[in-house]
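In order, the protein sequence lines correspond to chains P and S.
Just add 1108 to the spot in the first sequence (first one is 1) and you have our numbering.
Just add 1286 to the spot in the second sequence (first one is 1) and you have our numbering.
In case anyone wonders, no lab produced these hints; they're calculated from the structure.
Fair warning: there could be bad hints in the mix.
As the list claims (entries may be wrong) - Here are some, though not all, of the chain P residues that point toward chain S, as calculated from beta-carbon distances under 7 angstroms: (1) Ala1166; (2) Leu1168; (3) Ser1172; (4) Ala1194; (5) Glu1195; (6) Leu1199; (7) Ser1200; (8) Met1201; (9) Phe1203; (10) Ser1205; (11) Tyr1220; (12) Gly1221; (13) Val1224; (14) Gly1228.
Since the structure is predicted, the reported quantities are computational estimates derived from the model, not experimental observations.
By construction, the Cβ of each residue, glycine as well, lies at the ideal position given by its N, Cα and C atoms.
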Amino acid sequence: MMSLQHTDVPEIEVEDLVIRYGQVAAVGPVSFAVKQGEQLTLLGPSGCGKTTTLRSIAGLERPSGGAIRIRGETVYDAARGVNVAAERRGLSMVFQSYAIWPHMTVFENVAYGLRVRRAGAAEIREKVGNALDLVKMGAYADRNASQLSGGQQQRVALARACAFSPGVLLFDEPLSNLDAKLRAEMRIELRELQHRLGVTSVYVTHDLEEALAMSDNIIVMRGGHVEQEGSPGEIYNYPRTAFVADFVGSANLISGRLRPDLDRGGLVALETAGGIVVHGTPHGRVPGPDPTMSVRTVHLQLSAAAPAAAINVWPVVVSRSIFLGDLTQVHVDWGGRDLVIRQTAADTLKDGAAVYLSVDPGHCVLLESGAAGESESVARPLQQSALAALPTE
Amino acid sequence: MSSTALSRPLPRVSRLFPGQAVAMTAVIAVVAVFVLYPVYFLLQASLDVGAAGVRPPTAYGLGNFAAMADYWEIMLNTLGVTFAATALALVFGFLTAWTLTRTNVPFRGTLEQIMVVPYYVTPLLGALAWSLLGAPESGFVNQLWRRAGGESALIDMTSAWGIAWVMALFEGSVAFVMIGAVMKSMDPSLEEASQVIGAGRWRTMLRVTLPLVAPGVLGAAIFVFAEMLGSFSAALVLGTPARFYVITTAIYQFVSQYPPRISLAAAMGVSLFAVMFLMLYLYRRVTANRSFVTISGKAFRPRAMDVGWLRWVLFGVCLSYVLLSVVLPVATLVYASVQKLAVAFPTADNFTLENYRTALSLNAVRSAMSNSLLLGLLTATIGVVLTGLLSWIIQRSRLPGRGVLEYIVMFPQAVPRLVFAFGMMWAWLVFPIPIYGTFWVLLIAYLTVFLPLGVRTISSVLMQLDKSLDECGQVSGASWGYRLRTITVPLLRPGVLAAWLLIFVASVRELGASILLMGPDSKVLTPAIVEAFFSSSSELTAAMALIQTVVVGAAMVLFAAVTRRASRHGGT
């Protein structure tokens, strides 16, 4: 990399991390790195191992194998028997339950990390004040923590995590206990705060919008494994597997056989069982024995008149149209199978209407070879057994 | 911003002194010695068929267990008393629980609070009072009966039925609490569903309500049965003078008589313990594997059924239970304690306060009382530290083998205190440090037998504490000791205070372990009361028992006042 000096050593490095409960592998092996100032999100359904991974970085969970380095310093290494206690890793964390100490005031909650570090009274006053102002809770310093609302507790938890200026912030689904509207607000605030502080952070969520809005980089996890890693745009536009396509937004999956004879201009052609040919982008992927394409429901377009494009245009019949508020979901009969389109057009289409369906080939993405099959047969049972093992812990 | 956090390294002191590891190891070692050391000696004694009085045993065998067959009468007595008492306690418990949770009985709230009071009136107090009321010759009830023209005795409290009656009155409130909890936690929509479908009120009760509460009632039955098997004081006070023995009083007799029959007593103790262990295992199975989800997490108060005129009958039943288990015994003791000679018919020249003066001036009683209070203070204070750490290890640590530790800690619960104390007596007799017969062996005994009480109380609060409250302190950089001081202990305060009070009260009232382990210079209060009952007058005994009750009551009131103030001032 030819970039700036300080970005060369990753702030957090996770290498071949494995976490087992008894004989059941809950996570791994998983490897990734977070650059200084970067916000990485671990995204996945519950039980995918994202929280366990985060807790391993924090030192609250003891992994079974691999290594974790923070600022180049090894905090966990199975081979060398290193496991630095959580309190000596110099991180900070915001918990899903906020973990606001009910027996302390807001001020004391926020001052905790500074007191642990034996900061002076003046320094504590100044830094706590700054942290509380940062989350707009300055007026509440003397309030008893148990008198706060959920959103206020969330802010205090955030101020507490930042107050002692940690180099790394970990977030464990911090917004999941808030109502939808507050969550949307906090999402933006958190992102701004993160930019302002320039702090390296790892964020765990199962909420797609949260992940897309807040991250520089996203790792989609499933069954304890990394399913795909990339920028929000990359993840959304070019899902690697059927699981990512389905979990990150809603998508239609189209399987068939490749027709190399019909390839044109860097596009691949796929012929469905119903004989329909779809052109799409291979995105550098090698087609496998069961080629599948993913098309986002919002990328499909319906029109009354035939569009001018020569490829990826098909006459279809509307089978059902459902009004969802911001969007309208239309089901069409497409060569004998159901295809879902979500559009903003307010005019609901009549059931049985004959229209034209079109899609930009750039939005039809070829999935990685064998990815769908692998994730079905391997990842899912693994994930379930890991879940089954949890309550005994 | 960058690594300003790194510029100030975290305090290194904790690295040199791994407080957590030291504390955990120490606690586990202490507990293991306290619990397992006596159990080992108990087992050893029960298998000892060698020469009498020679330790360690010269030969091992099962002869002592076989010899128990000669005492089949005692086993029969035990079973008879236990079954009768369990049945009675369940009737009390079920009737009152159902009445107070499911019917529109008048003064429901007040009655519900009063219903737990019998538990604080110990079986010993009940036995002393009912012995005054129902001894065949001198009992007040029988005196009245003869005055009214009756023949011989109306009731005989020294019989199996008498003992069962006193135990049932006491355990009735335990059954009430357990069955009441099940009935309260039942979702009323389960019953409403039945009624909506068209089933009548009584049909719903038979087909829906009863099957739903059945596991809870069965659990209560097993638990109460196990407790009664190991109970000691009622049978000691009521049965022993009439030479009616159950297994616990027989063990006491065999150990304290001359020459003692240690091995036989040990075999009986081990057998009793084995049966109780089995019962408690069954209890856990029944309550853990309840396939009926009656607790749905929603807040509700079960609907009260309108039972019409019957509500006054049910009110009378509940009131009678409280009268018989609390009011009448206490009133009897008060009445007897102010008489020169306890008789049913009061006369002015029979009135005296001499008993109280005697009780408070006798050196033996005073030293027993101060010993008991000091032991209570020490046991409660050391006990909460010990059980607090144990609860933390069991609930929170990732220590391998903490499941085993939980079993060891809960072990004393399955062993009657008398039997446990017997093992301790046998163990500490051969201990190189001469503590047998001293104050300290009592302290160790109390700490051991009340381990389950403390751990259960503190654990129940600890379990409700969100784990991330502690974890958050950890990622903030606080060491284990610092977190304990600033987070865990302050948050656990209600649980710790409750455990302190429970252990204190239990210690001051302890009988089964103390009666075997106290030495001539380390007498404690409850055995002193029993001794007074056997060797001096019942009037003096009544006064002593009441003084103990008042002291315990005063301690509870004082404690409540102090904790209320502490929680008011200790907001931060």
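These are the hints, each one checked on the structure:
no.: 1; hint: Ala1166; verdict: holds, 5 angstroms
no.: 2; hint: Leu1168; verdict: holds, 5 angstroms
no.: 3; hint: Ser1172; verdict: violated, 13 angstroms
no.: 4; hint: Ala1194; verdict: holds, 4 angstroms
no.: 5; hint: Glu1195; verdict: holds, 5 angstroms
no.: 6; hint: Leu1199; verdict: holds, 6 angstroms
no.: 7; hint: Ser1200; verdict: holds, 6 angstroms
no.: 8; hint: Met1201; verdict: holds, 4 angstroms
no.: 9; hint: Phe1203; verdict: holds, 4 angstroms
no.: 10; hint: Ser1205; verdict: holds, 5 angstroms
no.: 11; hint: Tyr1220; verdict: holds, 5 angstroms
no.: 12; hint: Gly1221; verdict: holds, 4 angstroms
no.: 13; hint: Val1224; verdict: holds, 5 angstroms
no.: 14; hint: Gly1228; verdict: violated, 11 angstroms
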